[in-house]
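Asks: Make the full structure from the sequences, and use the hints.
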Amino acid sequence: MNLLPIFDALMLEQNLTRAAIKLHMSQPAVSAALKRLRATYEDELFIRTAKGLRPTERALSLHPSIHQALTTVRSGLQQTPFNYRKAEQEFSIVMPDVVETLMIPGFSEWLREYAPGIKLTVLPDESEMTTRMISNGEVDLIIDYLPVESPNYVTQPISEEELVIIVGKHNKKIGNAISEKSFQTLPQVSLLRGNPMGSPMERLARPQKLQRNICLRIPHLSSFPYVVSTTDLIGVVPARMMHSAHYKALPVRMLKLPMSFPKVLLQLTWHKSQTVNPAHRWVREKILELYPTLGK
57 MNLLPIFDAL MLEQNLTRAA IKLHMSQPAV SAALKRLRAT YEDELFIRTA
107 KGLRPTERAL SLHPSIHQAL TTVRSGLQQT PFNYRKAEQE FSIVMPDVVE
157 TLMIPGFSEW LREYAPGIKL TVLPDESEMT TRMISNGEVD LIIDYLPVES
207 PNYVTQPISE EELVIIVGKH NKKIGNAISE KSFQTLPQVS LLRGNPMGSP
257 MERLARPQKL QRNICLRIPH LSSFPYVVST TDLIGVVPAR MMHSAHYKAL
307 PVRMLKLPMS FPKVLLQLTW HKSQTVNPAH RWVREKILEL YPTLGK
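Quick note: to get the working numbering, add 56 to the position in the sequence shown (first position is 1).
The set of hints was computed from the structure by calculation and includes no laboratory data.
Within a straight-line C-alpha distance of at most 25 Å, the following computed DSS-like cross-link-like pairs (lysine-lysine) qualify:
#, residue 1, residue 2
1, Lys342, Lys352
2, Lys175, Lys78
3, Lys78, Lys328
4, Lys312, Lys225
5, Lys107, Lys78
6, Lys225, Lys237
7, Lys312, Lys229
8, Lys352, Lys175
9, Lys175, Lys342
10, Lys352, Lys312
11, Lys91, Lys78
12, Lys142, Lys78
13, Lys228, Lys304
14, Lys237, Lys319
15, Lys175, Lys142
16, Lys342, Lys142
17, Lys237, Lys312
18, Lys352, Lys304
19, Lys319, Lys342
20, Lys319, Lys352
21, Lys304, Lys225
22, Lys107, Lys91
23, Lys352, Lys225
24, Lys304, Lys319
25, Lys312, Lys228
26, Lys229, Lys304
27, Lys175, Lys328
28, Lys328, Lys342
Replies: Here's what the structure looks like:
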């Protein structure tokens, strides 16, 4: 059992020196423990590279359950509730740029006033390594319009949002409604194909094989209103985005989609090993509590 915290530290740090510092152990002691771990699991577990230690597939498969068990034990030993006013901790959150625009300024301001020791690192949702980063402890939370498809993750809804068409107020070619045929032929702005997560609209349109006249692709959904306000392009975004203070002043109109689409569900996702972690639970609950008021 005393080898498991060492394995966990090596997985999280992927560097022998940093793991030794984190464990308050000498490097020779950690090296000796790694040797015993390799013998126990009959696997190399970590391969030395120029950048540090690279976990093997065996190590990656072992880590979620070991990390969860250690988190549960550590949580059980903690006798006092998480004191966010005095805590010194950093949380990393993966989220789309539009959620960052709506949420982070207000959330950061709240933390500065009530929990000044809590720091945030916001990461883009464009990396295919996101789930691996969470599994390795490099990311605490994902906020996105789709959950992570894995039994190792827990998902909780944040809000349900309607998709709307946005049109520049100067665009005299478009009235107060758009037909489905017009929607498929009108010039549109969309996200780059290189974005693996895709926009909410693209995710819904893809299974239906909906034809769209994409004339411009850009990397950030939060830029759509600015593009639409100065061109004849149309775009599709979550309605809450356009009700926010960031975009209300722009010369942009909102129209209903001509076809039936379900509302998109913005969700909070985390690795199940963090479910009982008091600090992690606190930041999740605070996001759920504050999100409805942020960005307005």
